[in-house]
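There are 2 protein chains.
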Amino acid sequence: MQATELEWSQTEKDVARHAFDQAYDREIDDLVTIVRTQATKISALTDLWSLHDFLSARRHEIDGKYDFKYPGLLFVFARLVHDGWMKTEDLVGLEKDKIAKISALARMQ
Amino acid sequence: MQATELEWSQTEKDVARHAFDQAYDREIDDLVTIVRTQATKISALTDLWSLHDFLSARRHEIDGKYDFKYPGLLFVFARLVHDGWMKTEDLVGLEKDKIAKISALARMQ
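First to last, the sequence lines map onto chains A and B.
Note that the numbering used here gives residue 29 to position 8 of the first sequence, counting from 1, and the numbers run on in steps of one.
Note that the numbering used here gives residue 26 to position 5 of the second sequence, counting from 1, and the numbers run on in steps of one.
Think of the hints as simulated: they come from the structure by calculation, not from any bench.
Some clues are possibly wrong.
Restricting the straight-line Cα-Cα distance to at most 30 Å, the calculated cross-link-like pairs of lysine-lysine (DSBU-like) are [said to hold, decoys possible]: (1) K119(B) <-> K86(B); (2) K122(A) <-> K108(A); (3) K62(B) <-> K86(A); (4) K62(A) <-> K86(B); (5) K34(B) <-> K62(A); (6) K108(B) <-> K86(B).
In this text, all values refer to a predicted model and were calculated from it rather than measured experimentally.
Bound-form chain A, shown alone (with noise of 0.2 Å):
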């Protein structure tokens, strides 16, 4: 598959940023709740280093991830799928090629 040669019409970029959106939203809404929980049970010093290593590891990870270009754009969205962050009726309004493969390649990983 060559994703760089793909072509995206105007609804299926709006389609594939909302979705994006919506993903990051979510991942960001549970990473949240993880901390907000962790920091409950805190009460050491090791506790603060394990929230801190955690914490790194995570920015590092959806720093690297949430890269909304158009070329790889089929990988990252993949990926999403894989990890729970994105549903495939979130892409509805994208060519079925499209999704078939996002699906494919989910399962793959």
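Go by the hints and put chain B onto chain A.
Relative to chain A, chain B alone:
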């Protein structure tokens, strides 16, 4: 002042270690409280990364500050006194000259 030439009796070493550990525990307890409070206020990504930045800075500072080596210990203690984590009362048992130097250095900072 030549801190490296100071001699420490066993009693003084015990007092110093205890005072050092007390200061550390106080600072960590304070940090735990701050982080738990900050965490309850997290609602967005910027809050998460602010907490992460805050923890990164405090970890770096604490790792560097709590260095228990006899050469230079008066400077370490002076900083802890200055920052409010160590009290001169904690140092009872050290030579008066050492306490006076720590107090003087703490005021200079």
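(request) Take a quick look at whether K122(A) and K108(A) sit within 30 Å of each other, Cα to Cα. (result) This hinted pair holds, its Cα atoms lying about 14 Å apart.
(request) Take a quick look at whether K62(A) and K86(B) sit within 30 Å of each other, Cα to Cα. (result) Holds, at roughly 26 Å.
(message) Against the 30 Å threshold, does the CA-CA distance of K119(B) and K86(B) hold or violate the hint?
(response) 19 Å, holds
(message) Hinted pair, alpha-carbon criterion (30 Å max): K34(B), K62(A). Please report holds or violated.
(response) 35 Å, violated
(request) Could you grab the alpha-carbon distance between K108(B) and K86(B) and see if it respects the 30 Å cut-off? (result) Holds, because 16 Å separates the two Cα atoms, which is no more than 30 Å.
(request) Measure nothing beyond the straight line between the CA atoms of K62(B) and K86(A); if it is 30 Å or shorter, mark the hint as holding. (result) 26 Å, holds
The structure is inconsistent with hint 5 alone, although it conforms to all the rest.
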